[in-house]
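Undergrad: Use the sequences and the hints to build the structure in full.
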Amino acid sequence: GESVGLHLPTLSVQEGDNSIINCAYSNSASDYFIWYKQESGKGPQFIIDIRSNMDKRQGQRVTVLLNKTVKHLSLQIAATQPGDSAVYFCAEKRTSYDKVIFGPGTSLSVIP
Amino acid sequence: DTAVSQTPKYLVTQMGNDKSIKCEQNLGHDTMYWYKQDSKKFLKIMFSYNNKELIINETVPNRFSPKSPDKAHLNLHINSLELGDSAVYFCASSQRWSDTQYFGPGTRLTVL
Numbered sequence: 001g002e003s004v005g006l007h008l009p010t011l012s013v014q015e016g017d018n019s020i021i022n023c024a025y026s027n028s029a030s031d032y033f034i035w036y037k038q039e040s041g042k043g044p045q046f047i048i049d050i051r052s053n054m055d056k057r058q059g060q061r062v063t064v065l066l067n068k069t070v071k072h073l074s075l076q077i078a079a080t081q082p083g084d085s086a087v088y089f090c091a092e093k094r095t096s097y098d099k100v101i102f103g104p105g106t107s108l109s110v111i112p
Numbered sequence: 001d002t003a004v005s006q007t008p009k010y011l012v013t014q015m016g017n018d019k020s021i022k023c024e025q026n027l028g029h030d031t032m033y034w035y036k037q038d039s040k041k042f043l044k045i046m047f048s049y050n051n052k053e054l055i056i057n058e059t060v061p062n063r064f065s066p067k068s069p070d071k072a073h074l075n076l077h078i079n080s081l082e083l084g085d086s087a088v089y090f091c092a093s094s095q096r097w098s099d100t101q102y103f104g105p106g107t108r109l110t111v112l
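From first to last, the protein sequence lines are chains A and B.
Its first residue numbered 1, the first sequence is counted upward by one per residue in the working numbering.
Its first residue numbered 1, the second sequence is counted upward by one per residue in the working numbering.
Please keep in mind that the hints were generated in silico from the structure rather than gathered at the bench.
Some clues are possibly wrong.
Here are the simulated DSSO-like cross-link-like pairs (lysine-lysine), alpha carbons at most 27 Å apart as the crow flies [what the hints assert, rightly or not]:
| id | chain 1 | residue 1 | chain 2 | residue 2 |
| --- | --- | --- | --- | --- |
| 1 | B | LYS71 | A | LYS42 |
| 2 | A | LYS42 | B | LYS67 |
| 3 | B | LYS40 | B | LYS71 |
| 4 | B | LYS71 | B | LYS52 |
| 5 | B | LYS44 | A | LYS71 |
| 6 | A | LYS99 | B | LYS41 |
| 7 | B | LYS36 | A | LYS42 |
| 8 | A | LYS42 | B | LYS22 |
| 9 | B | LYS41 | A | LYS93 |
| 10 | B | LYS19 | A | LYS93 |
| 11 | B | LYS67 | B | LYS41 |
| 12 | A | LYS68 | A | LYS56 |
| 13 | A | LYS71 | B | LYS67 |
| 14 | B | LYS9 | B | LYS40 |
| 15 | B | LYS41 | A | LYS42 |
| 16 | B | LYS52 | A | LYS93 |
| 17 | B | LYS41 | A | LYS71 |
| 18 | B | LYS40 | B | LYS52 |
| 19 | B | LYS22 | A | LYS71 |
| 20 | A | LYS99 | A | LYS56 |
Computed from a prediction, not measured in an experiment: that's the story for all the values here.
TA: As structure tokens, this is what we get:
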């Protein structure tokens, strides 16, 4: 079957440090991966996505890395800020036209 | 100027009651979704409509019935509420089925 999971359910980082949130997926047929951020009391918000034909994609302070060999996805946040405190979800689609399957989430806490 | 809005934000009700949650998007998107987030933050798709037509209906009890009066609205009606229905329900929309999804703020349903 399909599953998307995270290595660490919680992560605490010092303000200013870099954060790395990891995600494992089991469906090697997945073609499209997305990271969402969910702040307390709000809905998930799109951060960045990556297709399976890429291994790295950068956004503003965020980088997503994809390792298809070991079916691993990570989100790197540079210079983590208090506003980055949230639950982060990785999600996958087998194709762009498939439903989104969410992983269980990692809670990121930023220590001032 | 809210993109995806849901009402109510909180809903507390007794077992056996029937309730509805409303969702509206002002983004001009063609596709709308309902997700359920349980107490462990796990997010799962329930339904998806594209141009008012049902395209995804996950294994959701038939007590849950979505209704899309027009492209901008997707309401969720729940009959005979059960304790296990307690969760946060998120509405989302995307331009097309394959595009980035934008989530509403969620409706926290508590069944007593």
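Undergrad: Each hint: holds or not?
TA: Each hint tested on the structure:
1. B:LYS71 <-> A:LYS42: Given pair LYS71 (chain B), LYS42 (chain A) holds - Cα atoms ~23 Å apart, limit 27 Å.
2. A:LYS42 <-> B:LYS67: 24 Å, holds
3. B:LYS40 <-> B:LYS71: 31 Å, violated
4. B:LYS71 <-> B:LYS52: 6 Å, holds
5. B:LYS44 <-> A:LYS71: It holds: about 21 Å lies between the C-alpha atoms, which stays within 27 Å.
6. A:LYS99 <-> B:LYS41: Measuring from Cα to Cα gives roughly 18 Å; hence the hint holds.
7. B:LYS36 <-> A:LYS42: 14 Å, holds
8. A:LYS42 <-> B:LYS22: Measuring from Cα to Cα gives roughly 16 Å; hence the hint holds.
9. B:LYS41 <-> A:LYS93: 19 Å, holds
10. B:LYS19 <-> A:LYS93: The hint is violated at about 32 Å.
11. B:LYS67 <-> B:LYS41: 25 Å, holds
12. A:LYS68 <-> A:LYS56: With Cα atoms ~11 Å apart, LYS68 (chain A) and LYS56 (chain A) stay inside 27 Å; holds.
13. A:LYS71 <-> B:LYS67: 38 Å, violated
14. B:LYS9 <-> B:LYS40: 19 Å, holds
15. B:LYS41 <-> A:LYS42: This hinted pair holds, its Cα atoms lying about 12 Å apart.
16. B:LYS52 <-> A:LYS93: 23 Å, holds
17. B:LYS41 <-> A:LYS71: 23 Å, holds
18. B:LYS40 <-> B:LYS52: Distance of about 31 Å is beyond 27 Å: violated.
19. B:LYS22 <-> A:LYS71: Between LYS22 (chain B) and LYS71 (chain A) the Cα gap is close to 38 Å, so the pair fails against 27 Å, i.e. violated.
20. A:LYS99 <-> A:LYS56: Cα-Cα ~23 Å, so holds.
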